[in-house]
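With the sequences and hints as input, model every part of the structure.
Next come the chains, spelled out residue by residue.
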Amino acid sequence: MAAVAPYLAAFSARFQLVLQYRAAAIAGFATQLWWGALKIMVLAAFFYGATRSPPMSLTNAITYTWLGQAFLIFLPWNADPEVAEMVRSGAVAYDRLRPLDTYGWWYARAVAWSAARVVPRAVLLFAVAAVLLPALGLGQWSLRPPAGLAATGLFLIAMIGVALLSASIVLLVNVIAVASMTDRGANLMIAPFSNLFSGGIVPLAFFPDWLRPGLRLQPFAGLVDIPYRIYFGELAGWGALQGLAVQLGWTLLLVLAGHAALGAAMRRLQVQGG
Amino acid sequence: MSAVNPLGLYLHYARASVRAQAQYPAAFLMLSAAQFLGTGIEIVGVWALFARFGQVLGWRFGDICIFYGVVNFTFALADTITRGFDIFGTEYVRTGAFDRLLLRPLPTAFQLLGHEVRLSRLGRFVEALLVFVIGASLLHWTFGPAAIPLLVWAVMGGAALFSGIMILSATLAFWTVESLEIVNVISYGGVEAAQYPLNIYAAWLREFLIFVIPIACVAYFPVVAALGRPDPLGAPFWLMAASPAVGFLFLGVCLWIFGFGVRRYTSTGS
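If you read the protein sequences in the order shown, they are chains E and R. Quick note on our numbering: the first sequence kicks off at 1 and runs consecutively. Quick note on our numbering: the second sequence kicks off at 275 and runs consecutively.
Hints may be right or wrong, so weigh each one.
So, partial list: chain E residues that the calculated Cβ filter (under 7 Å) puts toward chain R [unchecked claim]:
| no. | residue |
| --- | --- |
| 1 | 34 |
| 2 | 38 |
| 3 | 40 |
Sample of chain R residues lacking proximity to chain E, with all beta carbon distances greater than 12 Å (derived) [stated by the list, open to error]:
| no. | residue |
| --- | --- |
| 4 | 318 |
| 5 | 332 |
| 6 | 391 |
| 7 | 407 |
| 8 | 473 |
| 9 | 503 |
To be clear, the hints were calculated from the coordinates, so they are not data collected in a lab. Glycine included, C-beta positions come from ideal geometry on N, C-alpha and C.
Here is the structure:
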């Protein structure tokens, strides 16, 4: 247990720090509410005149959209900005002097950084989309409760999986930032890719049938598509366990790859500043 | 103001800004590529929806490409020239650097317009044009005599409108000091909304997009007129063709509000 303590400390310190940014959380919440409403209206218009039967009901598509807005920050948008700044200024040398594994240290920080920003936004969004909308008589546009007790439990496990998978991708972006001395290039590429391939822009179910099997096996699917389908019960029993296995498998693979790549990048790193 | 030619001075500002960015060609190329990708990924999602559903309320993928191309081109234009307003809170008000602009015998809004010409928006321009061309070819669009003038007029009105939104967000900084990201809801959110035809939205959102932040007047109406279609919402042709003028009206109101902020300004510097 003593071996894990410093990483837990890194997690809780960052978590508490990031939780302080209330104005940012409220601004993010308002943005996501607006975006959610837009996306739902567009989806509803498509469903309204549909001649072929859609691969997902409108009710589920609405729930999927609200979940996507609530947990938007769990998508790996960019490298850890503090790591990027440390690499630029040379302060990264301090992290190298710690008697700790730098990968584990940064990983704990990355998980805390996303989780602390997700929690307030998700709470506010659930309050509006799952409670306020039905109370206002707009139940058909609301975020529905999960499919059942089993779905709730599996969804919670899947969301922990999302945090871990997302951090493993953020760490890969960190490695690119270390190797190239700037986070700009990698940041600009990762956001569009993770948004599209996770199912964040459009649920993966709506993509053409010949693309779907491949889309559901790639790592980004574990960030949005798999957990949300568990939430409304489309993935249950063995299907849900298979989904969780895909998520966990990619996480382990990306952690191992990121760990090795960070080691290699650090050996070649020249610390800036004097 | 009498001694200087504003257009000549603006071109001077623009040349200096372009030369400065030309010093970092790799950064320019990378940011442009990212703009291209970031905007481009969006249309892939739209394509997936059309591949699944075929049409939305009678609109086809080609129609959406035209709406998408025009509004993104318009926004790219405004985004290229309004960088000074975008960073106004953090780089001018918070630091007190705005005091220097007040000392010069030129309108402050004009000086902020000259802050930077953002070349990296080229990626969004290219992407918007590409999607527009794809849409036009999917529709086998023959471009009636009014189409091109209407589209140019829509882009001009739209650039004025989006610049107005940026100026409004800068005005907020007089009170909040920081730039507020919440304004992105209106700018980026407006672009997002205008990528689809207005009649797919609920009435409250349609009215918001016509009367409050009149993005529909510079995107939906003139594009429907240019396509030569009857408006499913029933607006007559002359009204659709005239509506981009609202963009300039909006810009005027925003400049007036900005002027009010300038008069209320107290420096943070020492």
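So, going through the hints one by one against the coordinates:
no.	hint	in the structure
1	34	holds (5 Å)
2	38	holds (6 Å)
3	40	violated (10 Å)
4	318	violated (6 Å)
5	332	violated (7 Å)
6	391	holds (20 Å)
7	407	holds (21 Å)
8	473	violated (9 Å)
9	503	holds (17 Å)
The structure shown violates the earlier hints numbered 3, 4, 5, 8.
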